[in-house]
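Protein chains: 2
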Amino acid sequence: MIHSIGRQIAAKSQDIDYIFHPRSVAVAGVSNEQENLVGFTLLKPLMDFGVVSKIYPLNPKGGEYEGLKIHHGLTEIPGPVDHVIVGIPASLTPQLMRECVAKGVKAVTLFTSGFSEIQSRDAKRLEDEVLEIARQGGIRILGPNCMGIYCPKTGLTFDTGFSKESGPVGFIAQSGGNSITGIKVANARGIHFSKVISYGNACDLNECDLLEYLAHDPETEIIIAYIEGVKDGRRFSRVLKETVETKPVIIFKGGLGEAGARSTASHTGSLAGSDIIWDGIIRQAGAIRVYSVDEMVDVALAFLHMPAPKGRNIAVIGAGGGASVLAADDCERAGLRVPPLPPEIQSKLTKFTPEVGSFFKNPVDSQWIVHNPEQFADATIKIVSDWEGIDFIILHTALEMFVTQYLDLKQTMLDEIIDGFLESAQKSPKPTAVTFHPMVSERLQQAVNSKQQDFFRAGIPVYPSLWSAANAIAKFVQYHNSSRNGH
Amino acid sequence: MIHSIGRQIAAKSQDIDYIFHPRSVAVAGVSNEQENLVGFTLLKPLMDFGVVSKIYPLNPKGGEYEGLKIHHGLTEIPGPVDHVIVGIPASLTPQLMRECVAKGVKAVTLFTSGFSEIQSRDAKRLEDEVLEIARQGGIRILGPNCMGIYCPKTGLTFDTGFSKESGPVGFIAQSGGNSITGIKVANARGIHFSKVISYGNACDLNECDLLEYLAHDPETEIIIAYIEGVKDGRRFSRVLKETVETKPVIIFKGGLGEAGARSTASHTGSLAGSDIIWDGIIRQAGAIRVYSVDEMVDVALAFLHMPAPKGRNIAVIGAGGGASVLAADDCERAGLRVPPLPPEIQSKLTKFTPEVGSFFKNPVDSQWIVHNPEQFADATIKIVSDWEGIDFIILHTALEMFVTQYLDLKQTMLDEIIDGFLESAQKSPKPTAVTFHPMVSERLQQAVNSKQQDFFRAGIPVYPSLWSAANAIAKFVQYHNSSRNGH
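Here the protein sequences line up with chains A and B, keeping their order.
With our numbering, the residue at position 311 of the first sequence is 311, and numbering never jumps.
With our numbering, the residue at position 57 of the second sequence is 1057, and numbering never jumps.
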């Protein structure tokens, strides 16, 4: 059963693979002014990012954009044009679509807004007209009112600042702004993408088509999705379920309440739908629901770096008594278990750690993190990990807790602590996440930022707060538990 | 009734006012090594911060610390010593306490740990002995196992990095580390303190004494408290209620679950108590409960800058369609109302704002924030504020949403947006909070940081995320509603 669904999806998904590999891209609406919106929003990133396709700016007026000739129309372009990115006014799009059909264009990204999302009958009619031309001409549309595609492998992008590295996360986002936010937050946390699709009003290609594609995309291992509304709830429900059979799906649903729904209608012309129904669909499919961009990235990070867990027992190891209390609270509030270490494990720890100012029951508050990072990495972590009652470890410290005069005196201390965490996490036999707590000063931020790449390379998930780590791990565990129970 | 309680509390609170104004402070346990823990943790901050009291380092071995003579004992000090900060091993403290009695010392801060928190019978007996000597000699004790006092006005501090500015917030914290975290997070968000007391195991002065003091301290307008456990629940319940009659109290209870309670016992020797009972006590008293240091600061910020609200109706005004959807969701999830703007208000807005790419129903997504900040500050905010259906405004933008190539092209854009927010919030006739969303790059962080002082000076609360703003305002509104209903 699963096998046959798999094949069915694979067949469909191949249909749109070409949109990520265009031989050539035309960008309509570019003018030769430097501050031209379409130029710097849609064309410049392709140029600067080093897209592998040929690029053709378009404008009936002609001209030049940063040394690139602006063609007067599609017919003027010598070879084939696979993909057209459209930034001209909505009213002019039907004519351009007809030219696309004539040219044999395969896919169109409609950046242009002013369609169904402005909720006027005329705008809806215009959207229908554009779709009708596309259907008859065999063109697939992304949008309107979207940013389109970011695919590091082929150099398609809408922001020059995105990572040029490919990674295993696929991301579909109904909002252009939230897609940019999501990508930047994820990149900053060491997550790279296979493909990101900002799909806006979804007049043609929608969340179901894109989920089906990513479900069988061999470059995608984890899917994250920001969705405001779906047109066909039944299909969505089925596709989501089928997709979760192939890989984890993390869903951030925008538009929960009255005002949220009002906004999704104005934003992407979406019917937000009842929150309870959404919750049911996501739960039944075995997907993971999140409530913010940051949480979406937090959870993706756990899936990216951690092996499937046996249970929800966590050891909380860190520096600082008060920080340990809060760490324990956050873990338990998130739904994790923080089991007391057995006396024999505790006494192994007390043998080489000073007792005053430390405690060993789980949470473990060990001064060695600060004063003897090597001992900590070699012994503390190992002793705790060896106990079978533990499935995960969170290593934490509140860097801002260290008094300024000590940091001034021992200039290398912050680096030593952070290095010690890296070494400990790498040596840990159990899956281990790291948290440095909120950063309150540029000094601390810089210390952590300068080491960030080392953690990324080592595959150690780093969280900005204990709560974000605990919550992400708890949702990760919950996913695997529900998978085991066949959802 | 309230009046007489007020007088009673005032009488008590005067009793300990002197601990914030010592004529002289001795620090016991200082040695002449530069990395001496007591020296740089307890003495150096007093020296560097410019404490108004005389300072006398103490050590039977004598010597010198950074040019300051180390006295062999209290008797060697010529004048009176009001306050002794103790960093010698626990076993030696009874002898020192007797010397304090002989010298006529009024208060002792026991930084030393290794008392009741290590949960051995001997350590508990030692704590009792120290307390007994103090009681008989008329000395008040802070701690043991605490950082003591931070009082910018008199220069008492335990971290050279704390703000030297005084402010209206009083803070009691059972954890030294969490007191440092709390102060640094608050300082970074523009909050300054009247008095902060880290009180550890609370063998003598406890949360009740300190709340009573702050309740009638004319320098304190808002109280925040991090508490792990109380010894006398009935007294705490009464004192908290009385304190809330005088000023708002924000309570962060540490040690919620099993593991949390295990940690508070090891950390400050506290019985954490049942979470349900705590919730009842806090609710009945009309205090505000929070669940993290950041949330504590978020809520304090609302109290600090916003006038008492009439209701819970908020206008959400910002840039970005997706960001507006999330903003609406966060407000409604927090318990605020986001009422639709009446058609006449909407049409006033549409008259001067481009319709494509904006919406006006509340949330208001206005391109003018980016492209015409002055128009935005002068017209948009005023039109929305004028509607009586609105009690508050949140101004928001996701700075990371702006594409990198645009920020590169228009180097001044970030500054212009942030300045526009400042001007708009200042001109807003309704209480207005600002949020710039999570900062994902150093470029954005620096842009916001560089303007932060301007927001602080203008009394505009700035939040790192929409959720943190919405949640803080919701708790602020709830407090005022329950106050009006006599809790």
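These aren't lab readings, by the way, just hints derived from the structure by calculation.
Where a beta carbon is used, it is the ideal one built from N, C-alpha and C, also for glycine.
Don't take every hint at face value.
Here are the computed lysine to aspartate or glutamate pairs in the EDC-like style, where the Cα-Cα straight-line distance is at most 20 angstroms [to be verified]:
| hint | chain 1 | residue 1 | chain 2 | residue 2 |
| --- | --- | --- | --- | --- |
| 1 | B | 1164 | A | 442 |
| 2 | A | 153 | A | 66 |
| 3 | B | 1410 | A | 442 |
| 4 | B | 1124 | B | 1066 |
| 5 | A | 410 | B | 1033 |
| 6 | B | 1164 | A | 408 |
| 7 | A | 410 | B | 1066 |
| 8 | B | 1451 | A | 442 |
| 9 | B | 1231 | B | 1132 |
| 10 | B | 1410 | A | 66 |
| 11 | A | 410 | B | 1076 |
| 12 | B | 1103 | B | 1076 |
Quick list of simulated restraints, FRET-style, between CB atoms [as the list claims (entries may be wrong)]:
| hint | chain 1 | residue 1 | chain 2 | residue 2 | range |
| --- | --- | --- | --- | --- | --- |
| 13 | B | 1075 | A | 426 | 32 to 38 angstroms |
| 14 | A | 454 | B | 1035 | 23 to 29 angstroms |
| 15 | B | 1340 | A | 98 | 37 to 43 angstroms |
| 16 | B | 1279 | A | 284 | 29 to 35 angstroms |
Computed footprint of chain B on chain A; a stretch qualifies when at least three of its residues, placed anywhere within it, have a C-beta under 8 angstroms from a C-beta of chain B [unchecked claim]:
| hint | region |
| --- | --- |
| 17 | 16-24 |
| 18 | 31-45 |
| 19 | 151-161 |
| 20 | 262-268 |
| 21 | 361-367 |
Right, here's what the structure says about each hint:
1. The suggested pairing of residue 1164 of chain B with residue 442 of chain A holds, with an alpha-carbon distance near 19 angstroms, which does not exceed 20 angstroms.
2. Straight-line distance between C-alpha atoms of residue 153 of chain A and residue 66 of chain A comes to about 24 angstroms, which puts the hinted pair past the 20 angstroms bound.
3. With a C-alpha separation of about 25 angstroms, the suggested pairing of residue 1410 of chain B with residue 442 of chain A is violated against the 20 angstroms cut-off.
4. Between residue 1124 of chain B and residue 1066 of chain B the alpha-carbon distance is near 36 angstroms, which puts this suggested pair outside the 20 angstroms criterion.
5. Of the supplied pair hints, the one linking residue 410 of chain A and residue 1033 of chain B holds, its CA atoms being roughly 14 angstroms apart against a limit of 20 angstroms.
6. Restraint check for residue 1164 of chain B and residue 408 of chain A: the C-alpha separation of about 18 angstroms stays at or below 20 angstroms, so the hint holds.
7. Under the criterion of a C-alpha separation no larger than 20 angstroms, the hint pairing residue 410 of chain A with residue 1066 of chain B is consistent with the structure, at around 16 angstroms.
8. With a C-alpha separation of about 15 angstroms, the suggested pairing of residue 1451 of chain B with residue 442 of chain A holds against the 20 angstroms cut-off.
9. Our distance criterion of 20 angstroms between C-alpha atoms is met by residue 1231 of chain B and residue 1132 of chain B, whose separation comes to about 18 angstroms.
10. Between residue 1410 of chain B and residue 66 of chain A the alpha-carbon distance is near 16 angstroms, which keeps this suggested pair within the 20 angstroms criterion.
11. For the hint linking residue 410 of chain A to residue 1076 of chain B, the alpha-carbon distance of about 33 angstroms lies beyond 20 angstroms, and the restraint is violated.
12. Using a Cα cut-off of 20 angstroms, the hinted pair residue 1103 of chain B and residue 1076 of chain B holds, with the two alpha carbons roughly 10 angstroms apart.
13. The beta-carbon spacing between residue 1075 of chain B and residue 426 of chain A, approximately 55 angstroms, falls outside the hinted interval of 32 to 38 angstroms.
14. For residue 454 of chain A and residue 1035 of chain B, the hinted distance range of 23 to 29 angstroms is satisfied, since their beta carbons lie about 28 angstroms from each other.
15. Taking the beta carbon of each, residue 1340 of chain B and residue 98 of chain A are about 39 angstroms apart, inside 37 to 43 angstroms as hinted.
16. A hinted range of 29 to 35 angstroms for the beta carbons of residue 1279 of chain B and residue 284 of chain A is consistent with their spacing of about 33 angstroms.
17. Beta-carbon proximity to chain B at under 8 angstroms applies to 0 residues in the region 16-24 of chain A; the threshold of 3 is not reached and the given coverage is violated.
18. Counting residues of the region 31-45 of chain A whose beta carbon lies closer than 8 angstroms to any beta carbon of chain B gives 6, which reaches the threshold of three, so the coverage claim holds.
19. Note: the region 151-161 of chain A has 4 residues with beta-carbon separation from chain B under 8 angstroms; the three-residue rule is met and the coverage holds.
20. Taking a C-beta to C-beta cut-off of 8 angstroms, the region 262-268 of chain A contributes 6 residues in contact with chain B, enough for the three needed, and the coverage statement holds.
21. Requiring three or more residues with a Cβ within less than 8 angstroms of a Cβ of chain B, the coverage given for the region 361-367 of chain A holds, as 4 such residues are present.
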